[in-house]
Amino acid sequence: MGYVVYTSLELGVWGRFKAIRPNSVGILPRWKSERRVLSFFIFKWASCYDALLLMGGDMIVNILLRLTWHLLHVTIHLCYFAINIANALESHLISNGLLGRYKSLHISKLQYLAIVIESEDCRTSNVIELLQWLADLGVKHVCLYDKEGILKQSKDFILEKFNGATLFQENDVLLDQPLMTLEFASFSDGKEAVAKAANALFMKYLKSGSISSYQGEQIFTESQMGEALKTVVGGNGPEPDLLLVYGPARCHLGFPAWRIRYTEIQHMGPLKSMKYGSLIKAIYKFTMVQQNYGK
Amino acid sequence: MALLNLIIYCYELGECMTVLAKIAKHHPIKVNFAGNLELLNAELRDEAHKLMGTTAEYSKFIVTICVCYCCTDDIVHSVEESSRKKHYYHSYIEDSHDDDKDDDDKDDERHMIKLVDIEKNMYMAVTPDPDILIRTGDEHRLSNFLQWQTCHSLWHHCLQIAWRLVYGI
Chain R
58 MGYVVYTSLE LGVWGRFKAI RPNSVGILPR WKSERRVLSF FIFKWASCYD ALLLMGGDMI
118 VNILLRLTWH LLHVTIHLCY FAINIANALE SHLISNGLLG RYKSLHISKL QYLAIVIESE
178 DCRTSNVIEL LQWLADLGVK HVCLYDKEGI LKQSKDFILE KFNGATLFQE NDVLLDQPLM
238 TLEFASFSDG KEAVAKAANA LFMKYLKSGS ISSYQGEQIF TESQMGEALK TVVGGNGPEP
298 DLLLVYGPAR CHLGFPAWRI RYTEIQHMGP LKSMKYGSLI KAIYKFTMVQ QNYGK
Chain U
64 MALLNLIIYC YELGECMTVL AKIAKHHPIK VNFAGNLELL NAELRDEAHK LMGTTAEYSK
124 FIVTICVCYC CTDDIVHSVE ESSRKKHYYH SYIEDSHDDD KDDDDKDDER HMIKLVDIEK
184 NMYMAVTPDP DILIRTGDEH RLSNFLQWQT CHSLWHHCLQ IAWRLVYGI
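Protein chains in written order, with the working numbering: chain R, 58 to 352; chain U, 64 to 232.
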């Protein structure tokens with residue numbers, strides 16, 4: 058007695074045991090009923106095998122795709138880990154003055170520096186140390202920003218502890234001054250200040266009767282908006298040239314939008330792991346930048 | 064030279080709109096144009112409005128293209144619109160409630176422009192604030208683009224967008 062052996066692929070293609078066709082030669086059974094039963098079981102086995110293969114195939118493909126995605130992420134994380142180690146080493150070399158090109162900074166290009174700090178990261182000791190580094194580098198005008206206004210609340214303490222600074226006054230001109238000027242800002246000086254300035258403009262023009270419902274007519278200009286913002290906020294400095302972000306996330310955390318149109322933005326990492334070398338590198342990179350518009 | 068660049072820009076924008084219109088025919092993509100479209104020539108403006116109208120019903124995939132847009136202009140435009148609406152409301156309230164003198168404080172609050180009014184009237188109100196902002200060209204500044212909307216957006220800068228996009232996401 059012989060049997061025909063059919064591969065599952067052939068069975069899968071045909072789908073019905075009546076349409077089975079042999080692909081490999083075996084031994085045919087002599088009796089029809091035996092052959093029918095055998096074909097039935099082979100078909101059942103083949104169908105299950107096909108189903109398992111299909112299910113397993115999908116699962117295998119899914120697993121492979123997930124593995125590829127995770128491998129990609131791991132590779133990128135390893136690359137960034139290596140880059141961070143290289144940056145830490147470079148920062149150490151810069152701090153010790155071992156890299157020649159960072160020795161002379163054209164600090165005069167940096168008229169106004171802004172520092173954004175994550176509110177949860179606001180340790181006054183770190184802030185004072187950072188200000189001391191900036192004073193040593195010759196930076197004259199600094200704006201300190203945090204979203205919650207913690208630095209604003211601690212401004213008296215900071216000014217007391219850091220002897221080399223005064224509060225930025227509205228009429229201060231950005232010239233060489235003996236002491237560093239400090240401005241403190243928070244989220245309320247951003248979007249909410251724009252809303253207050255909008256009301257100031259609205260009231261002014263309501264009284265003058267200049268507002269009309271004609272859609273195409275421009276009633277306010279950017280310079281009027283800028284003037285209204287200065288009036289509303291008070292002690293508002295100019296647009297910073299460079300914005301350093303100290304925090305886990307690369308975002309400006311609501312620094313007044315009106316003031317960072319063309320500001321260079323550098324992410325420095327968390328404040329607690331700030332490095333002098335990284336600060337020098339950020340300022341150096343700014344001095345090498347070319348802008349086609351603005352300052 | 065500036066005029067030549069402007070003509071090239073308008074021609075390329077027109078080409079861009081033609082390509083978008085062809086894509087929109089076969090794929091359910093909603094197209095928004097955000098910005099001061101009054102600065103475009105009439106033909107381009109009509110094309111833009113037509114494309115926005117044709118694709119308005121789709122919601123699965125939305126593409127917003129900023130044309131004649133900068134953030135400070137968006138803020139000023141929004142303040143103007145809010146002022147016009149408040150002026151109309153103020154005039155209407157004054158005309159219809161002349162006898163109501165007791166609620167002066169409430170009236171003052173209603174006449175004030177709030178932050179939500181400004182955000183509602185912005186060109187970029189058609190789309191939510193971005194989660195990620197990617198800038199190509201290895202520049203580290205926003206160049207007057209979306210600094211209002213990107214308070215809490217992560218931003219990346221890169222020379223080549225493809226692999227950085229993978230990491231950013």
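No lab work stands behind these hints, which were simulated from the structure alone.
Just so you know, even glycine gets a beta-carbon here, dropped at the ideal spot from N, CA and C.
Heads up, some of the hints might be wrong.
As the list claims (entries may be wrong) - Selected chain U positions facing chain R (Cβ under 8 Å, derived; list incomplete):
#1 Phe-124
#2 Ile-128
#3 His-150
#4 Asn-207
#5 Thr-213
#6 His-215
Stated by the list, open to error - Quick list of in silico lysine to aspartate or glutamate cross-link-like pairs, EDC-like style, CA-CA up to 20 Å:
#7 R/Lys-264 - U/Asp-194
#8 R/Lys-253 - R/Glu-279
#9 U/Lys-177 - R/Glu-249
#10 R/Lys-248 - U/Asp-194
Hint check: 8 Å Cβ-Cβ cutoff, U/Ile-128 to chain R
With a closest approach of 21 Å, the U/Ile-128 hint is violated.
- chain R contact restraint on U/His-150 - CB to CB distance below 8 Å: Result: holds, 5 Å to nearest chain R Cβ.
*Pairwise hint evaluation, U/Asp-194 against R/Lys-248, where the allowed Cα distance is 20 Å at most*: holds, 19 Å
Practice task
Using 8 Å as the Cβ threshold, decide whether U/Phe-124 counts as touching chain R.
Solution key: Violated - the Cβ of U/Phe-124 stays beyond 8 Å from chain R, reaching only about 22 Å at its closest.
### Message
Let's test the interface hint: is any C-beta of chain R closer than 8 Å to that of U/Asn-207?
### Response
holds, 4 Å
Review point. Was the hint right that U/Thr-213 lines chain R, CB cutoff 8 Å?
Key: holds, 7 Å
- Message: Would the hint linking U/Lys-177 and R/Glu-249 be met if the CA-CA limit is 20 Å?
- Response: OK: U/Lys-177 and R/Glu-249 at ~8 Å, within 20 Å.
Was the hint right that U/His-215 lines chain R, CB cutoff 8 Å? holds, 6 Å
20 Å Cα cutoff - pair R/Lys-264, U/Asp-194:
violated, 41 Å
Given pair status - R/Glu-279, R/Lys-253, alpha carbons within 20 Å:
Distance ~15 Å between R/Lys-253 and R/Glu-279 Cα, so the pair holds.
Hints 1, 2 and 7 from the earlier list are contradicted by this structure; the remaining hints agree with it.
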